[in-house]
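Visitor: Sequence:
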Amino acid sequence: MAVLGNIIKAALEITGMVMPDHPHTESQKNVLRNMIGKASETEFGKKHGFKDMLRQDDPSKIFAERVPYHDYDAMHSGWWKRQMEENLPDISWPGRVKFYALSAGTTGKESKRIPVTEEMLESIRRTSLYQILSTANFDFPAEFFQKEIMMLGSTTNLKSSGHHLEGEISGIAAGNIPAWFERFYRPGKKIASIQDWDKRVMAIAKEAPEWDIGAMAGIPSWNELMLKRVLEYNKVNNIHEIWPNLRVFVSGGVAFGPYRKSFEKLLGKPITFIDTYLASEGFLAYQARPDSNMAMTLSTNSGIYFEFIPFNEKYIDDSGKVVPGAPAQGLEETEEGRDYILIISTVAGAWRYMIGDTIRITDKKRAEIVITGRTKHFLNVVGSQLSVIQMNTAMKYLEEVFGLRIPEFTVAAVREGDDYLHHWYIGAEGITDTGRLKSELDNKLKEINKAYKMAREKALKDIRVSLTKPETFHLWIEKNKSKGGQVKVPRVMKENEFRRWKEFADKNP
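Using my numbering, the first residue of the sequence shown is number 485, and each one after it goes up by one.
Keep in mind that the hints are not guaranteed to be accurate.
For each label pair, taking beta carbons as the anchor points, the in silico distance ranges come out as [stated by the list, open to error]:
no. : residue 1 : residue 2 : range
1   : Gly533    : Lys945    : 13 to 23 Å
2   : Glu797    : Asp775    : 32 to 42 Å
3   : Asp536    : His647    : 25 to 35 Å
4   : Asn514    : Ser677    : 31 to 41 Å
5   : Leu538    : Lys690    : 51 to 61 Å
6   : Lys945    : Arg566    : 46 to 56 Å
Here are the simulated DSBU-like cross-link-like pairs (lysine-lysine), alpha carbons at most 35 Å apart as the crow flies [unchecked claim]:
no. : residue 1 : residue 2
7   : Lys690    : Lys643
8   : Lys753    : Lys674
9   : Lys945    : Lys880
Bear in mind the hints are in silico, worked out from the structure with no lab data behind them. From the three backbone atoms N, C-alpha and C, an ideal C-beta is built for every residue, glycine too.
Just need the whole structure built from these sequences, with the hints factored in.
Guide: Put into structure tokens, the structure is as follows:
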């Protein structure tokens with residue numbers, strides 16, 4: 485009998501009883517007040533009058549009035565660059581910053597460097613604990629709670645750069661896991677420190693039969709490639725022949741929907757899929773219950789303050805940035821079923837920061853959201869107003885109609901003469917009728933998006949569909965960035981980037 489598993493499961497259930505759903509709006513008020521208090525003696529806090537804000541009954545209004553929105557360039561040039569290059573303390577957060585997370589950014593551009601403070605690491609650990617606690621809601625058997633967890637991320641072998649260490653957030657977080665968790669963590673620190681992704685995955689493939697994995701976590705596309713390598717090396721048909729107790733995959737960084745079909749082909753039996761929202765800026769949300777339809781609970785009491793700008797094209801400029809003066813709302817002011825641009829302030833010294841994501845409030849009382857896309861991945865060159873969530877819906881429809889797996893795709897608005905068209909590249913195999921595929925895609929987008937339908941009747945003259953192998957997208961990432969970690973394929977490309985992609989894809993069909 486799984487005595488340890490029963491003990492852990494009982495502890496989780498008891499903890500859930502003594503820690504009922506916290507009042508999210510009150511938690512957010514407390515988080516903001518605590519953050520303002522801690523940062524009041526920093527350069528940022530002094531400039532924006534944080535001490536004076538603390539005298540207010542509700543600092544949120546004056547906070548919104550005094551602190552402007554910041555994108556990465558504004559935070560970096562105004563604050564983070566000096567603290568990073570000169571190792572200065574007390575710039576946008578108290579103390580010196582030891583870690584910086586490399587954000588993948590846009591293909592071909594230099595990585596961003598996001599500060600990761602000790603308080604942010606604690607925030608990530610705390611939200612990770614909430615995620616673990618919430619598994620008690622999924623009614624897994626006691627044995628599950630003594631199985632190992634495969635966390636495939638970036639290397640934990642961080643690069644030393646002057647006074648700090650840098651790497652992707654998954655590598656930083658994995659290198660700072662608590663000691664008690666190490667007995668459950670796979671592939672373990674030794675393999676996780678291997679710099680080369682292919683060598684790291686090969687080491688996993690060799691050791692895989694020795695592990696008893698109950699859960700996996702990470703970016704779906706890279707986990708899928710890892711599983712294929714494990715199956716190939718060990719000459720088995722599905723992963724359950726090696727890990728018979730695998731029950732859960734925790735997806736992070738992207739919406740899991742487009743990857744579900746291709747992922748399920750690698751399994752021997754059904755498993756539970758859970759979504760999380762881990763970004764370079766912090767662990768923002770986690771799926772807390774099985775019947776939420778993959779919606780995630782915002783981590784409202786772990787050092788992150790959330791604001792919401794109604795998702796409206798007049799509040800976004802051509803580069804995908806929020807325009808100054810766009811009205812922000814607190815969680816208590818939001819509406820269910822509405823899309824918002826997400827703004828965050830964090831214990832890493834990011835203030836009113838445009839993370840670049842759009843979300844939809846699905847349950848206001850539970851503070852549950854789904855990610856709907858990126859402000860830069862909002863395709864609206866000719867008024868089509870296509871969001872990534874609508875694109876994902878269309879891809880799921882094509883999968884069902886044609887019996888396909890479409891884990892990867894990208895699209896761009898391309899000018900031809902005086903007209904625009906949408907050019908899609910779809911990663912799928914087993915279909916040759918691109919004419920019908922184009923027609924079904926076009927009609928589905930017209931059905932789910934009135935603005936798109938209107939655009940197709942006017943300025944958007946046509947759409948074009950090109951097919952390529954899903955692996956071509958991975959080769960593109962490897963060529964322009966690196967394998968693994970938080971690296972993702974952009975769903976929407978600007979025209980210049982798309983020309984480079986098209987040339988690459990046509991050479992590597």
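Visitor: Against each hint, give a clear statement of whether it holds in the structure.
Guide: Results for each hint:
no.	hint	in the structure
1	Gly533 / Lys945: 13 to 23 Å	violated, 53 Å
2	Glu797 / Asp775: 32 to 42 Å	holds, 34 Å
3	Asp536 / His647: 25 to 35 Å	holds, 32 Å
4	Asn514 / Ser677: 31 to 41 Å	holds, 38 Å
5	Leu538 / Lys690: 51 to 61 Å	holds, 56 Å
6	Lys945 / Arg566: 46 to 56 Å	holds, 49 Å
7	Lys690 / Lys643	holds, 26 Å
8	Lys753 / Lys674	holds, 30 Å
9	Lys945 / Lys880	holds, 24 Å
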